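The whole structure should be built from the sequences, with the hints applied where relevant.
Protein chains: 2
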Amino acid sequence: MKKTLNLIKIGGNIIDNETKLNQFLQEFSRIPGPKILIHGGGKTATEISGNLGLETTMVNGLRITDAETLRVVTMVYGGLINKNIVAKLQAEDCNAIGLTGADANLIPAAKRAAGKLDFGYAGDIIPGVIRGEKIAFFLENGFVPVFAPLTHDKAGSLLNTNADTIASALAIALSEQYETKLIYCFEKNGVLSDLENEESIIEELTMEKYRALKHEGTIVKGMLPKLDNAFKALLAGVNFVVICHAEAIGNMLVQDKKTGTELVNN
Amino acid sequence: MKKTLNLIKIGGNIIDNETKLNQFLQEFSRIPGPKILIHGGGKTATEISGNLGLETTMVNGLRITDAETLRVVTMVYGGLINKNIVAKLQAEDCNAIGLTGADANLIPAAKRAAGKLDFGYAGDIIPGVIRGEKIAFFLENGFVPVFAPLTHDKAGSLLNTNADTIASALAIALSEQYETKLIYCFEKNGVLSDLENEESIIEELTMEKYRALKHEGTIVKGMLPKLDNAFKALLAGVNFVVICHAEAIGNMLVQDKKTGTELVNN
Chain E
297 MKKTLNLIKI
307 GGNIIDNETK
317 LNQFLQEFSR
327 IPGPKILIHG
337 GGKTATEISG
347 NLGLETTMVN
357 GLRITDAETL
367 RVVTMVYGGL
377 INKNIVAKLQ
387 AEDCNAIGLT
397 GADANLIPAA
407 KRAAGKLDFG
417 YAGDIIPGVI
427 RGEKIAFFLE
437 NGFVPVFAPL
447 THDKAGSLLN
457 TNADTIASAL
467 AIALSEQYET
477 KLIYCFEKNG
487 VLSDLENEES
497 IIEELTMEKY
507 RALKHEGTIV
517 KGMLPKLDNA
527 FKALLAGVNF
537 VVICHAEAIG
547 NMLVQDKKTG
557 TELVNN
Chain F
297 MKKTLNLIKI
307 GGNIIDNETK
317 LNQFLQEFSR
327 IPGPKILIHG
337 GGKTATEISG
347 NLGLETTMVN
357 GLRITDAETL
367 RVVTMVYGGL
377 INKNIVAKLQ
387 AEDCNAIGLT
397 GADANLIPAA
407 KRAAGKLDFG
417 YAGDIIPGVI
427 RGEKIAFFLE
437 NGFVPVFAPL
447 THDKAGSLLN
457 TNADTIASAL
467 AIALSEQYET
477 KLIYCFEKNG
487 VLSDLENEES
497 IIEELTMEKY
507 RALKHEGTIV
517 KGMLPKLDNA
527 FKALLAGVNF
537 VVICHAEAIG
547 NMLVQDKKTG
557 TELVNN
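Protein chains in written order, with our numbering: chain E, 297 to 562; chain F, 297 to 562.
Derived by calculation from the structure, the hints in this document are not laboratory data.
The structure displayed is predicted, hence computed values, not measured ones.
Glycine is no exception: its CB is placed at the ideal position from the N, C-alpha and C atoms.
Each statement offered as a hint is correct.
Beta-carbon label-pair distances, calculated as ranges:
| no. | chain 1 | residue 1 | chain 2 | residue 2 | range |
| --- | --- | --- | --- | --- | --- |
| 1 | F | D552 | E | N309 | 49 to 57 Å |
| 2 | E | N347 | F | E500 | 45 to 53 Å |
| 3 | F | M297 | E | K299 | 32 to 40 Å |
| 4 | F | N562 | E | E472 | 57 to 65 Å |
| 5 | F | D362 | E | T353 | 27 to 35 Å |
| 6 | E | N356 | F | Q551 | 47 to 55 Å |
| 7 | E | F433 | F | G329 | 16 to 24 Å |
Here it is in structure tokens:
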């Protein structure tokens, strides 16, 4: 029987709130067995860009990453956020090691070709290119990888890559070695049928239902790319995909209670 | 017989010059066998601090690290410089992995107690606390560790630690497992008897001679803590300690030519 691996993506709004982040990291450190944390960027990169006199341009939730902005996200994602999370987890006796896709060439990517829009130094993960056994090596030796949302082009340049996408790609790559659970954590209780009502959690979501809810406008904006990444993982063989509140992580993975929105096959 | 391990510290002035840095990293990537790179901070942290409206205070070459400055050095050392070096080395097929002392708890340190001066979040490595076998694990599995000059207090906080000190402490910790060569690279040809003359290299330096040259004022300023760290390593059993020009690294370690200033026992 395969071991269970938990891959947990933690979103920006939690990262921006130190109290919530600390609470989440304490819960995360108690999850037994092999686990991976993938963190998003939060608002710090935008703040620091502003302080450095750079303008931030977002298109459909994606940051246009020119050379100067790449420097900022490298500093903030790969340094400030990543290494602080590592230090906090180490204080909880969780053997964290902070990584980007450049480290040990774990996540090679391709710079997105400029079309109508030029996203600059944005990296798209090449399907099938992540070697699960390289990451399993860290897990099997007792490390807890903490990934920043950065990849590289294997030609000397770092690239900015969406954390939801990294989480999905890592889960797919590791689904051969492990029974994989992919958990997208954020500041809401799950996918909601009414954005104003935190109790309106859709407990199970099939691809068919997702298409319908997207069509009727119930699921919108930032949730769409997240769900696209989440369904991609499910369809590629990841065993369990859920979208839930960051505060629910302990309930779900330590106490084994059902929470949030689970994605299910039709 | 023990394997040879090369530990190479690369100083700030090389890091600030992209052409020189690229050239150095190409040479570094060709060095055979296990190796570790330790990089300094360069001027970027000071520049970015300035751009963010922070004042930089240096005392005897050490940065006073208040909470805001710690954020900047974490970004710049742990993110910008470290991850760019990793990406550049990966482009040269050198299997770099970027690390701080917090990652995998590799370098625990103690926050320096405030005396007459409060250095803030400055970390002093506790003697004997680095476990060489933890770092040897990375080396024996084909990784090339690239260390940023950051440690942590194992209580959740990162700390700013001098890169020369980290290099010396790592070399000492690994001298049980390996025949260790510690090489301090910078923008000069070695320890000079006349600072104005790059040819005035002191080829061999004993502790006795060092004391005399310090006393007469021939060796001054930034070279003093570097030599103190270097002699500390030599006295603790590191097999070979040299101070040389960054450009000489290939000559010395690939082509086995003598270069720079070698520290020798009396």
